Amino acid sequence: MLLNIKNLHVEIDGKEIIKGLNLGVNQGEVHAIMGPNGTGKSTLAAAITGREGYEITAGEIWFKGTNIVDMEPDERANLGIFLSFQYPVEIPGVSMTNFMRTAINAKREYQGLPPVPAGEFLKMMEEKKNLVEIHSKLTNRSVNEGFSGGEKKRNEIFQMAMLEPSLAILDETDSGLDIDALKVVAKGVNQLKSGENAFVIITHYQRLLDYIVPDFVHVLFDGKIVKTGGKNLALELEAKGYEWIKEQHLFEA
Amino acid sequence: MSGSRSNICLKLSMKTKETTQFQDLESLLTAQFEQHSERIAEGDTPAMKSLRMKHFEAFKAVGFPDSSHEKWRFTDIESALNQDFCHELSASRSDRNIEELFRCEVHNFRSEIISVLNGWYHSENGPLFTNEDGVIYGSVKAAKIAYPELFDARYGHLAHGTANSFVNLNTAMVQDGVFIYVPKGVEASRTLQIIKMIDRDENVFVQNRQLIILEEGSKLSLMHCDDSINHHTSLVNTVTEVFVGKNAHFELYKLQNLNDASGLINNTFISQEAGSNVRTNTLTFNCGMIRNNIEVALNGPGAHADVLGLYLMDKQQHVDNQIRILHNAAHCTSNELFKGILDDEATAVFNGYIYVKRDAQKTNAYQNNKNILLKPTARINTMPFLEIYADDVKCSHGATIGQLDQEAMFYLRSRGISQSNARLLLMYAFAADVINMINIEGLKSRIDDMVKKRLRGELSVCEKCVLHCGTPEKEYHFDIDLSKL
Ligand SMILES: Nc1ncnc2c1ncn2[C@@H]1O[C@H](COP(=O)(O)OP(=O)(O)OP(=O)(O)O)[C@@H](O)[C@H]1O
Ligand SMILES: [Mg+2]
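Chains as they are written, first to last, in the numbering used here: chain Y, 8 to 260; chain A, 577 to 1061.
For the record, the hints were derived by calculation from the structure and aren't laboratory data.
Fair warning: this is a prediction, and the values are worked out from it, not measured in the lab.
Accuracy of the hints is not assured; some may be wrong.
[Unchecked claim] With the Cβ distance kept under 10 Å, some of the chain Y side facing chain A (calculated, not the full set):
no., residue
1, Ile98
2, Ile111
3, Leu138
[Unchecked claim] Output of the computed footprint for chain A on chain Y, the stretches with three or more beta carbons under 8 Å from beta carbons of chain A:
no., segment
4, 87–95
5, 99–106
6, 113–127
7, 156–163
Using N, Cα and C, we set each Cβ at its ideal position, and we do this for glycine too.
Make a model of the complete structure from these sequences and hints.
And the structure:
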């Protein structure tokens, strides 16, 4: 199994947000995580990527056969985990090119490879930019600075394409996107998709799942996965909302 | 102490055991002046002599400031002064090969080097020289004899007040420094680079002077490097006066990189005539204690000044920037930006004073001071002060103090970038807008490298950088903890 999360508990400022979550992801799979606002979806993503302030009080996160809970965020990334941020961060003064080169070289160093030759790097940038239909101008600018909401999301997918992770977590990459941009994001994901890697897609809407077909759909509620189904569960949630799941969950509890 | 004319060094020892009376540096310097005033004033015009006396009397009356002085509240000048010093009355000799000491090979950056050793002008080209472009430069010692009228008309005219003890002391006791004259319409094609090296086996207290004159329509870019190449304590007190004529262009890049035991007091006065354009960039990389007093007076309509600075301090270093922008004429603009990164227990002071005279209408003055404190133990004291007597003006000021953006840190690290590299990227990004204001491409990329090296803690090992011009037996130890970055 590529990712195996066992009985995960996560606290923020002493408040428990993830309350005993289990999730297994195999290579080649696409998992969708849905659920009402504030139930812990982004918290889960933060815990997997090692964000500071998200304290894992119990449980394990196994990735490629290692429990990564004590690993630094950069090491997790170099091991193959990527997060497309719900709110990408603007970094004035750091150019996209410099940022990407530093990231690529960090990964290569981790793999015992020499830094990427300039020519090869530029070719790669060009190729991936075309993939997500980013205008070359964006890459001359500072990271996300002054990017529109849609451009920021496209930029996340661009970075994903550059870094070729084994596990990509997309946290609401579809929100705020027009239909064309949505297709571009889906195209990016589908081109990268292989039998070797896996995707966890956090979303509120069925429409992205029309383009990226999930193998599993999970409902996250109150810090736990309370229901898992196939792609049809997403359609059901779209039609019926979350009330019935909440009731079912509270009843069981 | 020796009576010979060569390399006289008078010891200023405060801890004299023989006398029961504790002697302070002030009275030692005063005594030295009184005893050797003739030698000190050698070659002065009568006007310069009386200027010396006036400033000497002022120094004698007031002495050095201490922390009770309003302008010195946040800078511990007392410790810097509380040392045994040697004060030279004639030019230093160095056992090292001087040419080797000042050799500079900077890729893509051709500069013409003016070397100054322990405050004394030193050049292969002799004491006065006219270069291909027609720029005249040389030692203050020689220039005041060659151009007495010029000195009478300018020297000490900007640094004229007697409120500043260090200007008083300098004007009273200084014997040498650099003179630069750019005649009317002359555009210097190469950057002039003053490299001031401190190299003595004893602690040394240096007085040093610059007189720089740009006549109408002329152009000059000047780099001014203060550097020390050994571990000894030095205290450098320098006064620079710059006269920028009508429509003239002047750029001044100051690079300050002395050892942790040293102090530097830099008093720079710039006066601008109508339509002139000035850019100063003060880059403080390393020094125990630095005080930059920079005054820019916009005296003619349409003058513009960019007054920029970057300071990167760590350990217990201290930098104090006192910037005065005087809008004395209408339709002038000034843009002041100082940025600093402070690590460990480093401390900094920024005091930005903007003065707008009654008739200086349509003034546009912008001031900003931004700081990043990497540790809670680092401190910055930032104070803007605006005094505006005209009504049709635009003035703005701002100051920020912050840490590295943690959101940005995580974003970078989530892409596999190590914590140390993420910090470097963010610190460098912070410094970039000051570096980007460097107009000379070769110099910019060079300084860019230096900033990166400094942020990595590697600057002192740089072999052929603009500051460390390759001495055979290197002793650069700045004790920067590499693991921290
Ligand atoms: N930094 C924080 N400090 C305190 N509480 C937090 C913090 N971050 C998240 N929370 C809380 O944790 C809970 C889960 O938040 P999270 O962002 O994981 O929700 P989500 O499922 O991603 O919601 P959405 O669908 O709105 O993005 C919320 O109640 C939120 O207020
Ligand atoms: Mg969320």
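Status of the hints after comparison with the structure:
For isoleucine 98 of chain Y, the shortest C-beta to C-beta distance to chain A is roughly 5 Å, which falls under 10 Å, so the interface hint holds. Interface restraint check: isoleucine 111 of chain Y against chain A, minimum CB-CB distance 8 Å, threshold 10 Å, status holds. With its C-beta approaching chain A no nearer than about 18 Å, leucine 138 of chain Y sits outside the 10 Å limit, and its interface hint is violated. Here the segment 87–95 of chain Y counts 4 residues with a CB under 8 Å from a CB of chain A, which clears the bar of 3, and the coverage holds.
Check result for the segment 99–106 of chain Y against chain A: holds, 5 residues qualifying (beta carbon to beta carbon below 8 Å, three or more required). Restraint check on the segment 113–127 of chain Y versus chain A: 3 residues with Cβ-Cβ distances below 8 Å, three needed, restraint holds. Beta-carbon proximity to chain A at under 8 Å applies to 0 residues in the segment 156–163 of chain Y; the threshold of 3 is not reached and the given coverage is violated.
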